[in-house]
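**Student:** Residue numbers (our numbering), protein chains in the order written: chain Z, 1 to 576; chain A, 1 to 312; chain R, 1 to 335.
FYI, nobody ran anything at the bench for these hints, they're computed from the structure.
Here the structure is a predicted model, which is why all the values come from computation and not from measurement.
Just so it is clear, CB atoms sit at the ideal spot from N, CA and C, and this is done for glycine as well.
Hints may be right or wrong, so weigh each one.
Below, a list of computed lysine to aspartate or glutamate pairs in the DMTMM-like style, where the Cα atoms sit at most 25 Å apart [unchecked claim]:
1) Z:K34 / A:D129
2) Z:K324 / Z:D399
3) A:K158 / R:D331
4) Z:K34 / R:D331
5) R:K221 / Z:E340
6) A:K158 / R:E296
Which stretches of chain A does chain R cover? Using the computed rule of at least three CB atoms under 8 Å from a CB of chain R, they are [stated by the list, open to error]:
7) 20-30
8) 180-192
9) 228-235
10) 247-253
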Amino acid sequence: MTHDFTHHCTHHSTHDASPLLQVRDLRVSFRIDKNTSVDAVKGISFDVPRNATVALVGESGSGKSVTSLAVMGLLAAETSSVDAASHILFEGRDLLTMPPAERRALCGKEIAMIFQEPMSSLNPVLTIGFQIAEVLRLHMGMSRRQAHARTLALLGEVGILEAARRIDAYPSQLSGGQQQRVMIAMAIACEPKLLIADEPTTALDVTIQQQIIALIAELQQKHRMSVLFITHDLALVGEIAERVIVMRHGEVREQGAVSQIFKQPADDYTKALLHCRPSLDARPMRLPVIDDYLAGAGAGVGFEQPQRSRGAQPGDIPLLVVDKLSKSFFFREGLFGKREFRAVKDVSFTLARGKTLGVVGESGSGKTTVGLTLLRLHQATSGRALFDGRDLIAMTARDFLPYKRRIQIIFQNPYASLNPRFTVGQILLEPMRIHRIGANDGARVAEACALLHKVGLPAQAFRRYPHEFSGGQRQRIAIARCLTMQPEILVCDESVSALDVSVQAQVLNLLQDLQDELGMSYIFISHDLSVVKYMADQVMVMHQGSVVELADSDELYRNPRHAYTKTLLAAIPKGL
Amino acid sequence: MFSYILRRLWQMLPTMAGVVVLVFLLFNWVGGDPAYILAGKMSNAEAIANIRQQLGVDQPYYVQLGIFVQQIVTFDFGNSWATGEAVSRIIATRLGPSLTVLIPLTILETVFGIALALAIAFVRGSLTDRAVMVACTVGMSVSILVYIIVFQYGFAYKLGLFPVQGWGEHFSDNLLRYAALPILIGLAVSIAPTLRLYRSFVLDEASQDYVRTARAKGLSQTRILWVHVLRNAAIPIITHVMANLPALLIGAFLLERFFGIPGIGREVILAVERSDFPVIKAITVYVAAATMIFNLLADLMYQAVDPRVQLA
Amino acid sequence: MSYQATSPGLWALAWRRLRADKVAMASLAVVAAFLVMLVLSSSGLIVADWEAEVGVSYAPPALFHEDGSGRAAPAPAVAAALPDNPFDPLAAEVAELRAEQGGAAKAARRDTLPFGADKWGHDVIKKAIKGAETSIVVGLVAASLAVSLGTLLGAVSGYYGGLVDDFFNWFYSIFTSIPSILMILTVAAVLQQKGVATIVLILGLTGWTGPYRLIRAEYMKHKGREYVMAADAIGASSWRKMFAHIFPNVSHVALVQLSILVVGFIKAEVILSFLGFGVPVGVVSWGSMLNEAQNELILGKWWQLFAAAFAMALLVTAFSLLTDALRDALDPKLK
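The shape of chain Z in the complex, shown without the other chains:
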């Protein structure tokens, strides 16, 4: 059920009414093995007008990246095939039927693309100057000197300071944000009419993301080019795009002007996407999930719920008291020297029973290291962690063994945290066997099945291998694994960061239900400020290893005190 806006152009276009890019009935399928192929894109149509930013939104598996690769002609010919009835018209010419040499002449010159992972998308053994000049010399026929001058100008335009020095740098010598700026410079070098940006900021910290988004918007205005911006983040769409196309499972669910879609979404899936994410303004008892919307339950699911209140209460029982926890890593330097990297510097906090402490920070802030050190997966350099009257850090490994049951962790990557060679049953039985929980294997199996039920997985999962489950389901298995030991503290290390928005909501609801039922305390580590505000009673903000602010979550988001906290909060994409 697509809303076809093909004939209706935005009011931003000036001289030319015809759209820059017209995709008609695009169908792409991938060959898995000799006999099976799967349709990634199932016949979609949309337009990209001139001088406008269009966002292509979807979760993983929606086909949004495949669409962009099809436009650029980057799909692997051996495994993919585009249907003969599909058309991709660029300025009236069909890209799919063009001779390859002609299409190649367009790529990099009229249509350019930037990718998600700038580090691996740049050639590591060639200087950035070489890589940018390459496209100038190929498409614009510039001489080496001309290309060099133009490259310097481009680097300045994208905000790389000291361009004259940096032009001979290698990608590995630049930060993630700088690498993405270089990619952008390479893309706009020949002043393309269309820039395709495939999740360009997903791999970057939120403050850097803000800068890159601003840069792209500025360049779009200045060069009057069209931008096709692919992302999974609806809030980001609200900030930068005029039109949005929502995709799911290879189909277009809805497309139109951003203001229209955000205020009055017609499609159920769009509604679900808009409401599943925890917002900074409300904290419903339960996050709405996709199924609520797709079942046709309609509007009103999220906002009429009773709100959950959070924050430190006077009657709180302190469970874990951490005092000046520090962790340094040592590297060898020079002939005999050592270099110290202080990942965690004097972190102190108190965790109350049944409450959640949120830990936020960007990459390199040390937040993950704190969690790992508390579980003694890293050896702390100094500090104390008092749990039940005893210092977890100072204990011997043997004394710590019984405490392993009581403090557990769920990792970020659902694909790496379960042993691929164990069945789900074996994964669940393993901790029970080690800690001798349950009288015999029969009792353990029964307990494992009960836990599978509790986390919302079918009993048949017992005999299956992890690779058959989705990311969200694997996180549930990881949660079930922790529950076998009935821990008192659960460290959630970016546990929902790798999941799609719709799945995130389900897992967050599960975690909340378990806390309500079992009274567990959580240390919730994340870079996602909205999620943390939803889940946490108190929030601890970390920057380069130190705690910069620690307060009740409502208070922190309302009145941030520290400058860094203010910067962080300001960088959150606000949507409309």
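With chain Z held as given, fit chains A and R onto it using these hints.
**Tutor:** For chains A and R alone, coordinates are given in the frame of chain Z:
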């Protein structure tokens, strides 16, 4: 950089010490008293007694080890038990012929390997690719002995295109006449494994993200392979060639034996056949040292060529 | 609680992929055939009589000769040629021997054999089969030894790191500084003793370095993976983590290494036997056949060379193709 080299040289010492101890254990402990072997070679009882005394056979082991270490450091291993020639002289004179075969062989092998690997990468996944890979496997399954026997019989004996055996006096004569067929055979034998290896290096690089970016920039497949991919694939190729050079010295032993080339490899075989311990000991120790130094050179080259790596 | 059948794990999936690959199945069949032959020949059920001199010297292959289908050659009338020497101290013994041989001479030597004979009249086909036995046994046993040793040391080294790793790395660098052929030849020179067991030991004890390096790298990689950290968090001991958790993720690497080493060791054994440092005189190997073939070729007798070369090429090709297919089945990547 300088401190890195120093540190690596420092780290090499324990390994070298280990090699020395290993060789010592093999020859002086497992091998035992050489009197039995020597008796079969020399009739002069006094000469035998002399050698035994020099090696310190009746002395405690640490003294024998000391003598061995001294020999290594002074490059003086005494004389060959079989021919009486000074061991150091043997090694010095055999190095030349070995290199005359090895260096052209390595150069040709690398150049052909890279060219063929790039060509195959162009048609990766196609029937040609699969067929060539199977052909390589079959080629590698035939023993090098068969190659040598058949080639020597066919090209040298029957067709008379090359001399069957022998070595000459002058360098150009050696290179163009005597070394030609061995080099040809060496090439034929090594092309298959080299192609397979280099192909895997090239394909690994060709599947990287930066190739996708290059295609997005509109570069032609040829340019992508020659400029972008090759530059990256060169890194493992160079390190592979450098690290394997010392092993090649010995590895050519079959070619040298069949063709009567007076090189190090053939010398080792002769020494083993004749139980000529000093020669084997000397060659083993020096080849080990050469391997370690070449590994260090390979690492330095790797650091020079790959900008991602920082000198630690 | 009803359970459905266990979903396929790594090995079942790999077998499925392997089955779909026709080349792999053909190679598997060839290798299996060789293994069956190995069992039959080592238990003596076939070719136990390979040493019998059944053909004339250098009998040509029957397939290439129109005449000659095993007709008995006339028994050489040698005995009566020389007159008896009254001063011959050994006269009595010689007479005895002649009497014995007179009986044996009745057993005719064939003119041609299916694939010819060598200098002493041994059947080349039987020698080739017996040689296969030698090479395969050496290959399998030495490879198993090398992989077991390398895997164990690599696991301990990669998992524990630190001083243990430093020590084994030192060990490894000693062994790899000396090119393996040189190592093998040196040990052969020192041991002064030949035999299949010796070759197996030499190859096994010098060949562990390849598997060691790979398994060590795998363990180092897996040690940092989250599922191992999770195992740590639930309280698994080091030993349990190494062998119950990590090893199943690494075993396919070991298997592929085993396959590669078998091929490498078969080729090495052939070369060693060719040079005379391998099997002792009474045992036949493809290497010893090639040694004899070298001189025979000049005389125009090519069949022993061909038989040995062909048999070896067939086995090694099949094994190599199987190794490649195995590697792809266990760790498929989009090509």
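**Student:** Decide, hint by hint, whether the structure agrees.
**Tutor:** Here is what the structure says about each hint:
no.	hint	verdict
1	Z:K34 / A:D129	18 Å, holds
2	Z:K324 / Z:D399	22 Å, holds
3	A:K158 / R:D331	48 Å, violated
4	Z:K34 / R:D331	17 Å, holds
5	R:K221 / Z:E340	24 Å, holds
6	A:K158 / R:E296	14 Å, holds
7	20-30	holds (count 5)
8	180-192	violated (count 0)
9	228-235	violated (count 0)
10	247-253	holds (count 5)
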